[in-house]
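Line by line, the protein sequences give chains A, B, C and D.
With the numbering used here applied, the first sequence has no gaps in its numbers, which climb one by one up to 498 at the end.
With the numbering used here applied, the second sequence has no gaps in its numbers, which climb one by one up to 498 at the end.
With the numbering used here applied, the third sequence has no gaps in its numbers, which climb one by one up to 1512 at the end.
With the numbering used here applied, the fourth sequence has no gaps in its numbers, which climb one by one up to 1512 at the end.
Don't read these hints as lab results, they were simulated from the structure.
Mixed in with the good hints there might be a few duds.
[As the list claims (entries may be wrong)] Capping the alpha-carbon separation at 30 Å, the derived lysine-lysine pairs in DSBU-like fashion look like this:
| hint | chain 1 | residue 1 | chain 2 | residue 2 |
| --- | --- | --- | --- | --- |
| 1 | A | Lys325 | A | Lys192 |
| 2 | B | Lys78 | C | Lys1457 |
| 3 | C | Lys1430 | D | Lys1430 |
| 4 | C | Lys1507 | C | Lys1482 |
| 5 | C | Lys1410 | B | Lys364 |
[To be verified] Cβ pair distances, simulated, as ranges:
| hint | chain 1 | residue 1 | chain 2 | residue 2 | range |
| --- | --- | --- | --- | --- | --- |
| 6 | A | Ser193 | D | Gly1322 | 51 to 57 Å |
| 7 | A | Glu87 | D | Pro1444 | 57 to 63 Å |
| 8 | A | Glu87 | C | Ala1321 | 50 to 56 Å |
| 9 | C | Ala1318 | B | Gly446 | 23 to 29 Å |
| 10 | C | Leu1243 | D | Glu1028 | 46 to 52 Å |
| 11 | C | Lys1457 | D | Pro1444 | 52 to 58 Å |
[What the hints assert, rightly or not] From the structure, some residues in chain D lie toward chain B, with a derived Cβ separation under 10 Å:
| hint | residue |
| --- | --- |
| 12 | Ser1030 |
| 13 | Ala1040 |
| 14 | Pro1041 |
| 15 | Ala1042 |
| 16 | Arg1071 |
| 17 | Thr1074 |
| 18 | Gln1078 |
| 19 | Arg1100 |
| 20 | Ala1104 |
| 21 | Leu1105 |
Backbone N, C-alpha and C define an ideal beta-carbon position, used for all residues, glycine too.
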Amino acid sequence: MLDAAGVGGIDALFDEIPAQLKQVRLERVPEALNEMQVTRLLQERAAQDGRWSSFIGAGAYEHYIPAAVWQLVTRGEFYSAYTPYQAEASQGTLQLLYEYQSMIAGLTGLDAANASLYDGASALAEAILMAVRLHKSSRRILLPANLHPHYAAVARALTSSQGVELIELSYDSRRGTITPDALPLDGAAALVIAQPNAFGGLEDVHALTDRAHAHGVLVIAVVNPVSLGLLNAPGEWGTQGADIAVGEGQPLGVPLSGGGPYFGFMTCKAAHIRQMPGRIAGRTVDLDGTPGFTLTLQAREQHIRRSKATSNICTNQGLAVTAATIHMALLGPAGLQRVAQTCHANLLALLERLQPLGVRPRFSASCFHEVVIDVGAPAPAVLAAMRAQGVLGGFDLGQWSPELSSSLLVCVTETKTMADLDHYAQALAAALSGRSSQERAS
Amino acid sequence: MLDAAGVGGIDALFDEIPAQLKQVRLERVPEALNEMQVTRLLQERAAQDGRWSSFIGAGAYEHYIPAAVWQLVTRGEFYSAYTPYQAEASQGTLQLLYEYQSMIAGLTGLDAANASLYDGASALAEAILMAVRLHKSSRRILLPANLHPHYAAVARALTSSQGVELIELSYDSRRGTITPDALPLDGAAALVIAQPNAFGGLEDVHALTDRAHAHGVLVIAVVNPVSLGLLNAPGEWGTQGADIAVGEGQPLGVPLSGGGPYFGFMTCKAAHIRQMPGRIAGRTVDLDGTPGFTLTLQAREQHIRRSKATSNICTNQGLAVTAATIHMALLGPAGLQRVAQTCHANLLALLERLQPLGVRPRFSASCFHEVVIDVGAPAPAVLAAMRAQGVLGGFDLGQWSPELSSSLLVCVTETKTMADLDHYAQALAAALSGRSSQERAS
Amino acid sequence: MNRLIFERSRTGRVSAQLAPAGAVVDDIPPALLRAAPPPLPEAAELDVVRHYTRLSQKNFSIDTQFYPLGSCTMKYNPRAANALAMLPEFLAHHPLAPEATGQGLLACLHELQEILCEVSGMAGVSLAPMAGAQGEFAGVAMIRAWHRSRGDHARSEIIVPDAAHGTNPATATMCGYAVREVPTDRSGNVDLDRLRAAVGPQTAGLMLTNPSTLGVFEQRILDIRDIVHGAGGLLYYDGANLNAIVGKVKPGAMGFDVIHMNLHKTFSTPHGGGGPGAGPVGVAERLLPFLPIPMVACEAGSDGRGTYRWLTEADRPQSIGRLSAFMGNVGVLLRAYVYARMLGRKGMARVAEFATLNANYLMVELARAGFDLAYPARRASHEFIVTLKRLKDETGVSAMDFAKRLLDKGVHAPTTYFPLLVPECLLIEPTETESKETLDAFVAAMKAVLEEARTQPDLVKSAPHTMPVRRLDDVRAARELDVVWKKSTRT
Amino acid sequence: MNRLIFERSRTGRVSAQLAPAGAVVDDIPPALLRAAPPPLPEAAELDVVRHYTRLSQKNFSIDTQFYPLGSCTMKYNPRAANALAMLPEFLAHHPLAPEATGQGLLACLHELQEILCEVSGMAGVSLAPMAGAQGEFAGVAMIRAWHRSRGDHARSEIIVPDAAHGTNPATATMCGYAVREVPTDRSGNVDLDRLRAAVGPQTAGLMLTNPSTLGVFEQRILDIRDIVHGAGGLLYYDGANLNAIVGKVKPGAMGFDVIHMNLHKTFSTPHGGGGPGAGPVGVAERLLPFLPIPMVACEAGSDGRGTYRWLTEADRPQSIGRLSAFMGNVGVLLRAYVYARMLGRKGMARVAEFATLNANYLMVELARAGFDLAYPARRASHEFIVTLKRLKDETGVSAMDFAKRLLDKGVHAPTTYFPLLVPECLLIEPTETESKETLDAFVAAMKAVLEEARTQPDLVKSAPHTMPVRRLDDVRAARELDVVWKKSTRT
Ligand SMILES: Cc1ncc(COP(=O)(O)O)c(C=O)c1O
Ligand SMILES: Cc1ncc(COP(=O)(O)O)c(C=O)c1O
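Could you put together the complete structure from these sequences and hints?
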């Protein structure tokens, strides 16, 4: 091959590179391992991390994923394909994306969807930029203080260079929710509503939506897709429905996996589709009139519109979307509903077990599958004591706000059995009575 | 559908069944679990069994299986297809079987192969029946005493009703191998030679084969396919080569899995193919002359020949063969050779570590990757003490023969690192000095 | 034809990341070492993955097509069963590892034994046999062992109906028996008069499947039982069709003494392009001592919990022995166990109900579409037979032609030419996991081919036309045998 | 078109085994509960498995076809990487779980940071960005933060060459910059005179990939560095083409201040039909404080072993902040880590060598076959450009037509119409994992289409002919938008 390529040796292939640049040493790269060796290494590291009975949610949720999902997702034809630019040779991916868009639009009650953004937080940032483009005259966005702080941080990081102004809305300290009265709606471009909010609580989405719309303010819904098995869809909020819905797609068949890859979904009203970022699959016909699928509205995207594009996003989270599509198809309406109901019922069952310990919800609003409890002691110590019993007891809210330093954000999904909940209650009881830590010391 | 089927209700579908038979209770069948529940149950059971550093071989061997193998094998098109009776709609499976036959025939140095039998032991039984059919006048088979006793037991169970006489050949107590002189070859139909034998030792296959052939006795080779990366192929034994080769296919990409499913392979000289049991894929052409594959020589099989068939086998071990084919293709000649070399080198490295403990091989013959060591103490106690340190130290040969009650059959494959071997030596040293069991008691 | 993996081979090419470094071997007698490396293909990982991925796409399979192969029970194989049987601890478990390190696995197997006892109505079950045919072997060997244990050496014959699967007579032969066939009467039942005439002191037993491979329930099963038992023979149940009656009728109640169960049929483990399966055997009380080993026992442990252990020769001296080096097809048994637990008590009967409903629906719809049923007066069990004899006579289109043309319509063909006694037969088993829409699409495909057979018979006779190859020459395959690729002749 | 999963939906059908039992919810205000179940398809597990298995078969992919898509680096994705990233403990690890329960995972990520530092020649790396474009965002945001941290608010422009990928100008805009384009000279290098004219006190930086998307190495990279740095701007390296030089030249040595690396290209993580990828960013010393969070730190633990922890806002107050709710695409990072460990130190350079060898071989062979190269006097990097302008003029066959016809030959088309400055261009990247035989087969396919374009241009213009659909109407897709299935209009 070297001969055919007309070079005398491998080095000649690099002869256009200035010689002084070619002194390369890679000392910090270890020597090669063969597959067996790297397998052993990773297996040992995984075993070191262990398995836990986890009650942490806070934006990423443990759900049961049917075995069929990832066995299909990792088929080479999905796994190792590129973005479907050659539509005729990518009908598998394209039809799946079209089906995904249909499912997620249906789930959120809106008209149109894109084929994914990076994650829930960056999807919110993109929704904010989209709202600003739609509104044209205002760049002011209202963000509730009970929005997941990482979402707020990402929104800040991704929108600040474009002069977007993010206004924080405080929440009612008793209910933990945003009060629809007295919102600074005048002159705002959009109101962000998180349902459930970061405390797991349910907002009065109808009143909030209607207020915003009465002031000409767009509504961006941030929703947990599994909760939509139970809660009403953003498209049904208030009299007109939210304008844009975004959220973290992970709960739909994507494993926790240390934080990613997940995917952000985004849906909107039909009128807004041309301001939507990201790829969109559309149905069309071929030369014979046979239906088929292709990427559409590409004129919004960076590879066509370049500096005028709706976003710079190119590679998205396709494979995670593949999982979500198959997951939703397997669950179906009844399945998603039953998962959502079971999550909620399990949360109530846990709260019941905590009552005898004097542990109660911190806020009074109804919850979906996550709740803030006050343990009356510093959260880190309580969590450490529970961990010694194999339980990850929740998220320490002191990390988000000092006044919540004895509060845990606890999530219960359908994966927990009654025995798991009993075990949680025992571990918490032991942690609170200090028994467990004594046991460890002995 | 009931209407269309012309019945008033489900029960009517069963109206031809005598009523008194239909009182069915299934009390011992538990109530249904959903997929999440059964997953939890099996995960807990698997976790209970744990992971061990195992040095047990004795017919089933731990080897590294490249990740690609089972990701491909479990593709629905392989996993959920039937026996390729409709050849035109099964070219995937059929071509793979043809490739498998070519690989395994090549590996054993013989001319023809079938598409698998159940396992190594039953393959030996089928080879014995085949030899008896080939020989026509004799039904006497010579079985070495250092053949895996389970193989002998299976041969007995499967051939005894057909008047086959199995004669046991004793082995040399010093070398652990069969002595080519003084074999009762006269009037025998076939001689079985296991290479390596059940003690891991290497027989003088050339002399044994030539002796047998000199007496008109067929030679059935029982071989470990991985050892053939290093050892010469049955087809090269002696001047004429073995007549039939069989063995356990498990080491070629099939996980240990508690004992199965594995697969038995069988290859033979061209002249014997019409007496071979099991399915055979063959290459042919279609109406256009395009090459393609089909099951062939079906007239040997039960579905055509019925009571005159070469065997009753129908369903075989197709999926395990699929794994073995992909595994062999990935390893290639160099890979298989290197695996075999590494197994052998690792065994020597272990023996070196055991020398300081005064632990030596029981027999003097060369070994491949398995060896009998004498630990000078009752094997069960030694093994139990090693197990307390996470090591499964080998197979207790006292289970096979009382005079070997202080002997372990120890196997080392390429999966073991030098650290694993050190750990083995430490665990054995501790077990022998009794320290470990004392530690446990304290 | 895709090129063979051997034809993709290039000297020196390796999947570099896969194998360890190797080592020099100098302590083994050189005469025992191979001179040249084994003639395996040399390919990179990408070559191999691409090759076998593409090959796989040439298969029909349940995951891609409707596959109504009668007697084979091509129903959906739940993916959870695969995932759970392949949990790393199970995969790594050595068959000879101490029982203490396999209690979780053994618990599953023991419970499966119990479940199979219950659904079959037998007194004991061994999971050892590795497929249906090996289950048959075990069953008939037990029949033989029983007669012998009673000193009855005169019994030299096994009776099988002419509709029987080929494994039945082949098994009888392997067990040293002569085979006597009894015919089927016009309604699809065993001809009782001929059966009465066939039994005698030479009768070791009768092998039967009920519902039979004709797709009908043997209505006079209790008479058959009385005739065979009356003659001193035992009754063997070929469980290939158990899915038709699981949870509805127990073979034990019908009087069967031995049964094998094809877990790859009734319990939905995958067929894997030819296997592996599993063929556990169940027996009535009197045959218990003869069950093949190993079996799993549960003994009360010191802590009150059950402790599981393998039963071997020592525990079961009268056993017919060992059928495999280790423990049959454990991974298949685990899949069946998961399936059984997901079905549960109530789900068992649902299998039979839906399988039977689907078959009867399809049978009626096909009759309505102009197809001839082999047993039009009978209820279908989980399967039924269409005979194309009239079509063959009228158009020359055979069942084989018809089957090949169905492939072009995107459905796998039903079983053809089995059972042998029905001319130009298609044995159709839709299974319970297929939907009405799929059945309706199949009826449409059948109708379309029927129409084609009448109007363009040559199109059907030369089918298939859309597969990776056209009709293959089986005669040539057998005459000019090419079963192994050879470098010299083929590169 | 396969029917949609919605069209397979039947009211009341469920995958019974999958969902829990459900429960009555009566403690949530009814106004917040949805009135009707969500409009998802209702299907059995078999329906779903069959549907998506068959859909998958309609894709081209690396595992099934040669996929020489320029700039996209469609090389083999090792299956071990997938298996190991999906080890159950990693999959179950919650991103907010205590660091003590994730030391194994964090160790992998930390080592990956180190490896990426080393191969890029940068002072620090953050793994946070979730794809190349987000890496670009992070990089340009750091450039902005750096200028601002020095009180330099005048810099309002980012310069990009006209050959740049669309994400570069789009990113500049997202970061609040105006974009100024500089042209390419005739030999494929940045036009230095025009660059000199373009820079000034308004220049925040230049975004460049080297080798460029024209498939050639920017020879005067050190001059470019001097010009940009001289004007006070910073140099951004778009790492999409890092695979061409990995182990051979370090971007840090070329003078780049910031780099993103597409792990889904150079580090061979799968493209997944559109993602996910990962786009870690590396920076030179002066930009270290601005790296996006979270990053992984290794601190000496009390037991002497390293303890790993996340670095957040508190540790890195000058950071440009958070780009995702948690930690980027961890699963992708794990795959890249496994790949890097299997390659090892020496393997890194092999990637560049074989990728470059394959590209140069293919370029020479295609030139020999009569194709016009965009830069015939240049060495190819890992990719190169063929221009079909002459063919288009002569026959009317466009690069698009040509690409579609290649699909019929069983190979994926190269990238078409990018970079925009070469007319009728095909950007061809064979990658290092393809064999000579595959390259030769591609040359044969290219020749065959060339011949067809000359002799039967209509055949090529109406291609593809063997795909599941014929050429699709993109104009209609955009004009009569149909992006969501609606029950009412479509059943
Ligand atoms: C009626 C009947 N009996 C027995 C068998 C044999 O079972 P196996 O293929 O598992 O050996 C089959 C399978 O094809 C069958 O259909
Ligand atoms: C040159 C170049 N830059 C940037 C990108 C963007 O990377 P990503 O798709 O990962 O966002 C790409 C990918 O297509 C590319 O080819």
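Threonine 1074/D as an interface hint toward chain B, with CB separation required under 10 Å = Nearest chain B Cβ about 5 Å off; hint holds.
Using Cβ atoms only, decide whether arginine 1071/D comes closer than 10 Å to chain B, and label the hint accordingly.
-> At 8 Å from the nearest chain B Cβ, arginine 1071/D passes the 10 Å test, so the hint holds.
How about alanine 1042/D: closest beta carbon in chain B under 10 Å, or not?
-> Hint holds; alanine 1042/D Cβ to chain B Cβ min 8 Å, cut 10 Å.
Hint status (Cβ of arginine 1100/D to nearest Cβ of chain B, threshold 10 Å) = For arginine 1100/D, the interface hint holds, since the closest Cβ of chain B sits about 4 Å away, which is under 10 Å.
Taking 10 Å as the limit, does the beta-carbon of serine 1030/D come near enough to a beta-carbon in chain B?
-> violated (18 Å)
With 50 to 56 Å as the target window, see if glutamate 87/A and alanine 1321/C comply at their CB atoms.
-> holds (54 Å)
Was the hint right that alanine 1040/D lines chain B, CB cutoff 10 Å?
-> Given a least distance of 7 Å, the restraint on alanine 1040/D holds.
Straight-line alpha-carbon gap lysine 1430/C to lysine 1430/D, limit 30 Å | It holds: about 25 Å lies between the C-alpha atoms, which stays within 30 Å.
Holds or violated: are the alpha carbons of lysine 1507/C and lysine 1482/C at most 30 Å from each other?
-> violated (34 Å)
Does the CB of glutamine 1078/D sit less than 10 Å away from some CB of chain B?
-> Status holds, d = 9 Å.
How does the Cβ-Cβ distance of alanine 1318/C and glycine 446/B compare with 23 to 29 Å: does it lie in that range?
-> holds (27 Å)
Per the hint of 51 to 57 Å, is the separation of the Cβ atoms of serine 193/A and glycine 1322/D within bounds?
-> Given a distance of about 55 Å, which is inside 51 to 57 Å, the answer is holds.
Taken one by one, the earlier hints fail for this structure at numbers 4, 7 and 12, listed in ascending order.
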